[in-house]
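Protein chains: 2
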Amino acid sequence: MVEAVAGRRARSGGGAARRAERTGMRIEAARFITRGIPNLDILNEEALEIIEANAETVLEEIGVAFVENPRALKLWKEAGATVEGERVHIPRGLARKLCATAPAQFTQIARNPERNVEIGGKNLVLAPVYGPPFVRDNSGGRRYATMADFNNFVKLGYMSKWLHHSGGTVCEPTDIPVAKRHLDMLMAHMTLSDKPFMGSVTEPSRAEDSVAMTEILFKGVDGGLNGRCAMTSLININSPLTFDSVMMGALEAYAEAGQACIISPFIVGGAMAPVSVAGTLTQVLAEVMAGVAYSQLIRPGAPVIFGAFVTSIDMNSGAPTFGTPEASQVTYGAGQLARRMGLPFRSAGAFCGSKLPDAQAGYESANSLNMGLLSGVNFMLHACGWLEGGLVSSYEKFVMDADQLGILHRLAAAVPVDENGQGMDAIREVGPGGHYLGCAHTQANYQTAFWKSEVLDYKPFETWEEEGARDTAALASERVTRLLGAYEAPPLDAGIREELEAFIARRKEVLPDAMA
Amino acid sequence: MVEAVAGRRARSGGGAARRAERTGMRIEAARFITRGIPNLDILNEEALEIIEANAETVLEEIGVAFVENPRALKLWKEAGATVEGERVHIPRGLARKLCATAPAQFTQIARNPERNVEIGGKNLVLAPVYGPPFVRDNSGGRRYATMADFNNFVKLGYMSKWLHHSGGTVCEPTDIPVAKRHLDMLMAHMTLSDKPFMGSVTEPSRAEDSVAMTEILFKGVDGGLNGRCAMTSLININSPLTFDSVMMGALEAYAEAGQACIISPFIVGGAMAPVSVAGTLTQVLAEVMAGVAYSQLIRPGAPVIFGAFVTSIDMNSGAPTFGTPEASQVTYGAGQLARRMGLPFRSAGAFCGSKLPDAQAGYESANSLNMGLLSGVNFMLHACGWLEGGLVSSYEKFVMDADQLGILHRLAAAVPVDENGQGMDAIREVGPGGHYLGCAHTQANYQTAFWKSEVLDYKPFETWEEEGARDTAALASERVTRLLGAYEAPPLDAGIREELEAFIARRKEVLPDAMA
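Just so you know, the protein sequences line up as chains A and B, in that order. According to full-length UniProt numbering, the first sequence is numbered sequentially starting from 1. According to full-length UniProt numbering, the second sequence is numbered sequentially starting from 1.
It should be emphasised that the hints constitute simulated quantities derived from the structure, not laboratory data. None of these values were measured; they are calculated from a predicted model. Keep in mind that the hints are not guaranteed to be accurate.
For identical chains, the list gives no copy identity; a pair is met inside one copy or between any two copies.
Straight-line distance between alpha carbons at most 25 angstroms, and here's what the computed SDA-like set of lysine to any residue pairs gives [claimed, not checked]: (1) 459 / 140; (2) 161 / 86; (3) 219 / 91; (4) 459 / 315; (5) 77 / 433; (6) 161 / 121; (7) 97 / 177.
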């Protein structure tokens, strides 16, 4: 079913309103979340100070490795670190001092200025799943992802009201040569959506391609790119304490171009970090401080995000586990540490280990999403579509999670206590034993009073049974078909499109064709 | 499958260890949760003061109805309220003043003293689903609940490590005459479990039967019942602002016997309360203050709980909806109001509207469970087994939810920052690029480091597929069979059992046989 839809050609511009009317679909885009509620701070001052002091000890005494990266070693030495081989020992306080030039909040622009996002402060920006080599849907099962799948997920992201960001590798298009696929992926984000997106990080030259294509795209936008941040890209640290030259090369390219990076330890607790929460937080903080400091050595003021990808491990099987309390504790703590550094914070997502979009997926993802909101996350990658520990992008789970993101928007808002919010007229009108459905206050407010799912089942049992007793995955599958069937590409200037196509053609001519 | 197991006779005492060994089941019982983390307070001081002032206005100006209850009207008049017909107008400040004699925390004793629970303060006691007329399991589908189902759910509760309480009407045994079923239900809690339980509230005389049976049961416990609290029972308010004579009759019986009541508005937002969060909180506070004040007029010092059962409504269909942000906002706010009154707080649960234990059930339940932990709930009814808006007790969801409750235990604990928690030795031992699985710190801590599900799937994809590609409901179904197959009743003195049986036989002789 999804396969059939994948073959449709996106039509650019116009007709969206008519199509929406015909199909009953309205394409809306919510503004990024700005919290009106506090964060949950689970660590007290003493715990935070211990962890911060220990992180400085780690940087000074143990140090971090910058692998195959003479430029980094040179810059660290000049900044005052002690370099032994590839090991960089950072004196107490130096990393934190270098981090101080990174902005606390920055704007990532989109080609549709209404989709610009503010990353940092009380804001929360939601982006879809990143990285899976497989996809799954109800009809086709689990299979290697293709470029057609990639395009479908970008379209679903564009049509998801509560998603603010188009993301990056929404799935890995395994049918395109490795050295060329970043070009097609960027083209999909640039043409099939008008939301902000991420650049390639798998090779420094691919980061440069990403910047070059973004410069072309923004020729169509007032002011052009002109050094403004239009990409937020994912730089993983090889935990523990190792910065490889590929990721650092991409970081260097982006920082120099004023593009944002998420500097993110990749932690499976018990494998890449200590089995204890405080120990993991110590390592995360040390790693992020070293990475962010390095970005500021490349270009002071370069926008960066304090990242923390955290899961725990099933100590029996070695499998990563998701939605677990220890991962939540690390995330809550990392949020506090990030805020004390004055840096935007990336963590959480609709994480789950389940193979199917079933109850396990629901529990684990909801645990992670709630924790993401309350831990003060500013940029949430993997906010929808993640399945099977990140091996699979799920069509059904994409729309199920994206629907749940509406809950985060409502929950983040301050409770109104103005006259309408107080509702005293309603209580007076109805009185003991009465019913509120028909009262004036209800009539005036009912359309916006409550968040409403566009996926979940609210029908009476008998109706639900007559309609086939469908579970959530079946309902979601239907929504996927409906969304992709109603998709209309946002308009794009034909000249810009041609220039992008020409750039891609030139690059593809010189890049190799290996598939792995 | 469950049906087959339901026919087994519980064997009392002994053999549990041998059975556990043979079946690979260990029956453990966790202590109730004592939070080491803060609550999330979403309302500021100004909002709280507005709501508190408005609640006093509601009590004074609109008043509350005590229906067909001359005793209540007399007591309220003597206390200083203005009574017009059945409407009680409570002068500003009077209800709150009367509430002051209610304890901030109390002990509910169990026949096994190790299962005593502390209700209030930083504690959280978890109890199973309450009230559904239907049950559902994977093999038998949805059907009216019977006494055999009731017994099964009590057994599952007894065997659930993270459940501290046996609950009350875990399902409605529709095969027993209405006027007699409370006797069999109590007998099940008293004999098939040794955890604390709830009493009957459907008739004042049934509350008296509950107290009488509890007095017999506690003859076998040091000190006897002797006025101590051994039941926490659910008294719903007929929102808006109405206290019916059946529920108040039960409340009176329990308060006089020193037994605890949850005084709980039953709110479907938009139907029984205003569509706004602050308006709903105003009504909830007014109702609880009136109800708690009345309990203290009956007997100053009677243990009570500030209850709030809250859902929102789908304004299109009128169906109640669960796991929604507005219900969460009301619950967070109600927790703050309860703490300001110095009363234990009951709310939340594994709420869902789904017809199946599917992804919807997972999302909605996890949303509610997380909110329940972080809103400071002290007594969580419906913490497992709730399905289809409370119409159905689900076997599979019971064990799925009960498993998730383990997460709340871990998440509620303060993060250790002692030397072992800091894990600096591990970071030193492993260093950049190393692996933590084999290090000394991991070896010393791995068995207790991470919470581990006993239901969810952590297997590699290939293994999972070979084993039948089972979803969560199928895995849970298997666990239900295993648990019920391994069940052993906790030992009970034969004399006590006979006395309970004799009491029930006497009462059944005089009670009517109507089935509805």
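Each hint tested on the structure:
1. Taking CA atoms no more than 25 angstroms apart as the test, residue 459 paired with residue 140 passes between copies only; the shortest distance there is 22 angstroms, against 28 angstroms inside one copy.
2. Taking the shortest Cα distances, residue 161 and residue 86 never come within 25 angstroms of each other, neither inside one copy (46 angstroms) nor across copies (50 angstroms).
3. In this assembly of identical chains, the alpha carbons of residue 219 and residue 91 never lie at most 25 angstroms apart, being 44 angstroms within a copy and 69 angstroms across copies at closest.
4. In this homomeric assembly, residue 459 and residue 315 come within 25 angstroms of each other (Cα to Cα) only across copies, at 12 angstroms, whereas the closest approach inside a single copy is 42 angstroms.
5. Only between protomers do residue 77 and residue 433 lie at most 25 angstroms apart by alpha-carbon distance; the minimum there is 21 angstroms, versus 76 angstroms within a single protomer.
6. Taking the shortest Cα distances, residue 161 and residue 121 sit within 25 angstroms of each other inside one copy (22 angstroms), while across copies they are farther apart (41 angstroms).
7. Taking CA atoms no more than 25 angstroms apart as the test, residue 97 paired with residue 177 passes in neither setting, with 42 angstroms inside one copy and 75 angstroms between copies.
Going down the numbered hints, you'll see the structure goes against 2, 3, 7, while the others check out.
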